[in-house]
Amino acid sequence: MKKIESMQNQTYKEWKKLHKRKGRDKAHKYLIEGPHLVQEALQSSHEIEAIIYDVSYEKSEEWKSLGIDEYRLTHELFDQIAQTETSQGVIAVCKMFNEKVDLKKGRYLLVDRVQDPGNLGTMIRTADACGLDAVILGKGTVDQFNDKTLRSAQGSHFHLPVISNDLVQTINHLQELKVPVYATSLDGVNLQAQATMESSFAVIVGNEGNGVTDDIQQQADFKVKIPMFGQAESLNVAVATGIILYWFRMKGLAK
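Counting in the working numbering, the sequence shown runs from 17 upward without gaps.
Hints were generated in silico from the structure; no laboratory data involved.
Be aware that one or more of the hints could be misleading.
[To be verified] Restricting the straight-line Cα-Cα distance to at most 25 Å, the calculated cross-link-like pairs of lysine-lysine (BS3-like) are:
#1 Lys36 <-> Lys80
#2 Lys75 <-> Lys38
#3 Lys116 <-> Lys29
#4 Lys164 <-> Lys42
#5 Lys45 <-> Lys29
#6 Lys45 <-> Lys33
Model, not experiment: these values are computed from the prediction.
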């Protein structure tokens with residue numbers, strides 16, 4: 017177990033750079049925080065470079081003899097690395113993974129310019145729960161390795177591919193594979209009135225304020241919306257994503 021007691025330590029300085037997207041992209045690394053996410057990472061095939069402990073943290077018996085570099089930090093130094101108000105005492109430095117998705121007849125969530133990291137993380141977690149094959153992030157979408165995104169996803173980014181890709185190209189490819197593509201739209205058909213329902217599908221959800229862009233909507237095979245029974249004009253994008261994915265998933269299972 018290595019000890020770091022100075023903020024001038026070069027390794028420590030490199031970790032702090034991972035708080036920003038620019039630093040993460042340059043180093044091709046990111047931080048996860050808390051025992052649950054660290055355990056999820058250890059159980060996955062993704063590479064962990066180091067585990068960082070607060071001086072008072074008692075590590076799990078399961079984590080002994082991991083063959084991973086481990087560091088013990090003072091309270092002050094650990095609190096500056098942690099990105100939560102109340103730290104749980106353990107952080108892992110993970111290497112970004114170069115996910116590749118071989119599109120096929122399957123189930124996909126396409127994300128168009130969603131900006132809130134909590135929303136994106138919840139959507140990734142929901143896609144995982146629904147058994148989707150991948151989440152594909154279009155240009156302008158918040159970083160999947162943002163600390164708030166990772167906390168909201170609760171480790172689901174270790175369970176299914178989450179990649180960034182051009183949505184126009186992705187939609188074209190899916191349509192060539194005869195996978196129906198649905199865009200959420202205020203001009204769409206109510207979910208329960210959508211006649212065509214396959215076990216394979218792709219759902220496109222859009223920006224919190226503006227929804228799916230017009231050109232992406234026009235490229236989709238179908239436009240759908242969630243009926244409103246009260247006076248609310250719209251739903252939070254993560255909530256709407258959950259409703260739509262579960263609707264499509266259950267309808268597909270019923271075929």
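We went through each hint and held it up to the structure:
no.: 1; hint: Lys36 <-> Lys80; verdict: 30 Å, violated
no.: 2; hint: Lys75 <-> Lys38; verdict: 31 Å, violated
no.: 3; hint: Lys116 <-> Lys29; verdict: 31 Å, violated
no.: 4; hint: Lys164 <-> Lys42; verdict: 20 Å, holds
no.: 5; hint: Lys45 <-> Lys29; verdict: 14 Å, holds
no.: 6; hint: Lys45 <-> Lys33; verdict: 10 Å, holds
Taken one by one, the earlier hints fail for this structure at numbers 1, 2 and 3, listed in ascending order.
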